[in-house]
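A.B. asks: Now for the letters of each chain:
There are 2 protein chains.
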Amino acid sequence: MEFILPKASLLLEARHRISSFVHHTPVMQSRLLNEISGATLYFKCENFQRMGAFKMRGAANAILSLSPDEQARGVLTHSSGNFAQALSLASKQIGVPAHIVMPQNTPAVKKAAVKDYGGRIIESGNSPQEREAKAEEIRLHTGATFVHPSNDLQVILGNSTAAQELVEDVNDLDFILAPVGGGGLIAGTALAAHALSTAKVIGAEPSGADDAYRSLRDGVIYPSENPDTICDGLRTNLGDVNFPILQNLLHKIIRVDDKDTVHAMRLIYERMKIVVEPSAAIVLAAVLMNPEIFSGKRVGLILSGGNVDVRKLSEVFSLAE
Amino acid sequence: MEFILPKASLLLEARHRISSFVHHTPVMQSRLLNEISGATLYFKCENFQRMGAFKMRGAANAILSLSPDEQARGVLTHSSGNFAQALSLASKQIGVPAHIVMPQNTPAVKKAAVKDYGGRIIESGNSPQEREAKAEEIRLHTGATFVHPSNDLQVILGNSTAAQELVEDVNDLDFILAPVGGGGLIAGTALAAHALSTAKVIGAEPSGADDAYRSLRDGVIYPSENPDTICDGLRTNLGDVNFPILQNLLHKIIRVDDKDTVHAMRLIYERMKIVVEPSAAIVLAAVLMNPEIFSGKRVGLILSGGNVDVRKLSEVFSLAE
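Going down the list, the sequences are from chains R and E. Quick note on my numbering: the first sequence kicks off at 1 and runs consecutively. Quick note on my numbering: the second sequence kicks off at 1001 and runs consecutively.
Please note: incorrect hints may appear among the correct ones.
[What the hints assert, rightly or not] Result set (DSSO-like, lysine-lysine): computed pairs, CA atoms no more than 27 Å apart in a straight line:
id	chain 1	residue 1	chain 2	residue 2
1	R	LYS259	E	LYS1312
2	E	LYS1312	E	LYS1259
3	E	LYS1252	E	LYS1200
4	E	LYS1110	R	LYS312
5	E	LYS1007	E	LYS1252
6	R	LYS312	E	LYS1259
7	R	LYS259	E	LYS1007
8	E	LYS1115	E	LYS1259
9	R	LYS110	E	LYS1110
10	E	LYS1007	E	LYS1200
11	R	LYS312	E	LYS1312
12	E	LYS1259	R	LYS110
To be clear, the hints were calculated from the coordinates, so they are not data collected in a lab.
Turn these sequences into a full structure, and let the hints guide you.
C.D. replies: In structure tokens form, the structure reads like this:
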């Protein structure tokens, strides 16, 4: 199948569309992490994004791209993670109903967050099949538009706005790194970098959940089976919308062991004094473990989010000892 | 004894003197913490200062205020905490020797940090008397100038630059809060606010180490005896240099229980996504526990630092449960 690159104007439209609903997040630097890495690092702090993660960008763009009629009928997703919260908060701000299908075994704290943001929770069975069946039932009943957390072009275009801001704020980057989970952030990053810069885009993926690495190597989408990683945001599958973007625009994927991710995460806490989740710290680990690629280069790193259970941080950091 | 207010020009000179050795740190806001507090909060992020704390400001100013001869002979302090690191790093940058007297029982990690920053460590016995005797011995031997971590006018003037930046960046503050430990930061904050704004300055002090509260109430300096608080930076005594400044310029001291400090610290991690130490989070706790003072007001909060052992964070956060 032929790959058709989305027009650059679509990227810029997404940026314009969501601008009043998201923060233009700051870019941070650390003298010490530059010394350690031998590179010049520019951290794009999506942990400071509303709701604590880049997901707000894609969620807002997906909702704002709908017609007024569609908006009135609302949006729908099945997610137990950040995207459910992002879609709920974006819906509340824009003023449309959000229906969130969550498995019965979803932790209470995640349900509470969605409720806080005004999302309507519908419980489903715990299997993917039950979840999807329930979502389809709600869709037929309400007429709401289903929004996939990562395999949706408008979500990807929304996510692209983080890298758009980064290349606007920092000139002449050689590389931009983003984590690889469901593929929505890395695909948006690749689109933005290709359209607006000469930076090569590299994905960082956990060794214990390297389905994207294997999928790109073999040219077929492998499901993420029994993922084994502390990066809880990076356990999901690629999809047919983001995969061709990655096949055409991604420079490469670097696989990272959890131990190295946790070490990088500790450096970010201790040296930069900011809170990030393991799924974000993985990009710094990829840089630190590969000086032959990054030494002497100007490197943008998308810190995807900072939603971590602070009461369990000691447990996380102990993994690197 | 008559109190003589240091001239405003001294404050501005300190600011100018240290400007190339410290960061002008950012001011952060949080929509959610504004909602929770009912006030408009401006967080002065000294956790992003070099070396992770405001202490760099006072250390740099103390060294830069010396004559060339004095600088050549070096500086000297006894401290096992942040100030030892700050004096070491500032000395290294300015190019003067730093002698740091540390008790034998100082944790290895703190000694390593001082060594990393180029400080020369001299071990002493563990009692305050032994520490002071050793410092005096080194002073006589080297001719180095002793710099007290908090009871030194040049240190206080250096510390004042954090609040100077804050009132320059944010207009019309009603209050500025800073933590009260040895009195060096709160005294500098009070001087800056008095000279350059109409803001009232309030100190936040742990209930379990409320020597400054009692000292100001009774008009005598009480030593800090058996302090019982998680705020390890706030266990020290006031001194004869900073006490009169506080007597004349401080609006009041609010005492804060550790449980409330830890709760505030968790809000800062979860909502602002930044790393702070308990001694910094105490200022937010003081605001949250006293809506009758702060509701509807514009409040500056000096987040003094972010040097915390991240491997022990779970332990800290469990104190609020």
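A.B. asks: Take the hints in turn and mark each one as holding or not.
C.D. replies: Structure-based check of each hint:
no.: 1; hint: LYS259/R - LYS1312/E; in the structure: 18 Å, holds
no.: 2; hint: LYS1312/E - LYS1259/E; in the structure: 16 Å, holds
no.: 3; hint: LYS1252/E - LYS1200/E; in the structure: 9 Å, holds
no.: 4; hint: LYS1110/E - LYS312/R; in the structure: 25 Å, holds
no.: 5; hint: LYS1007/E - LYS1252/E; in the structure: 23 Å, holds
no.: 6; hint: LYS312/R - LYS1259/E; in the structure: 18 Å, holds
no.: 7; hint: LYS259/R - LYS1007/E; in the structure: 54 Å, violated
no.: 8; hint: LYS1115/E - LYS1259/E; in the structure: 34 Å, violated
no.: 9; hint: LYS110/R - LYS1110/E; in the structure: 39 Å, violated
no.: 10; hint: LYS1007/E - LYS1200/E; in the structure: 19 Å, holds
no.: 11; hint: LYS312/R - LYS1312/E; in the structure: 10 Å, holds
no.: 12; hint: LYS1259/E - LYS110/R; in the structure: 25 Å, holds
Checked against the numbered hints above, the structure violates hints 7, 8 and 9; every other hint is satisfied.
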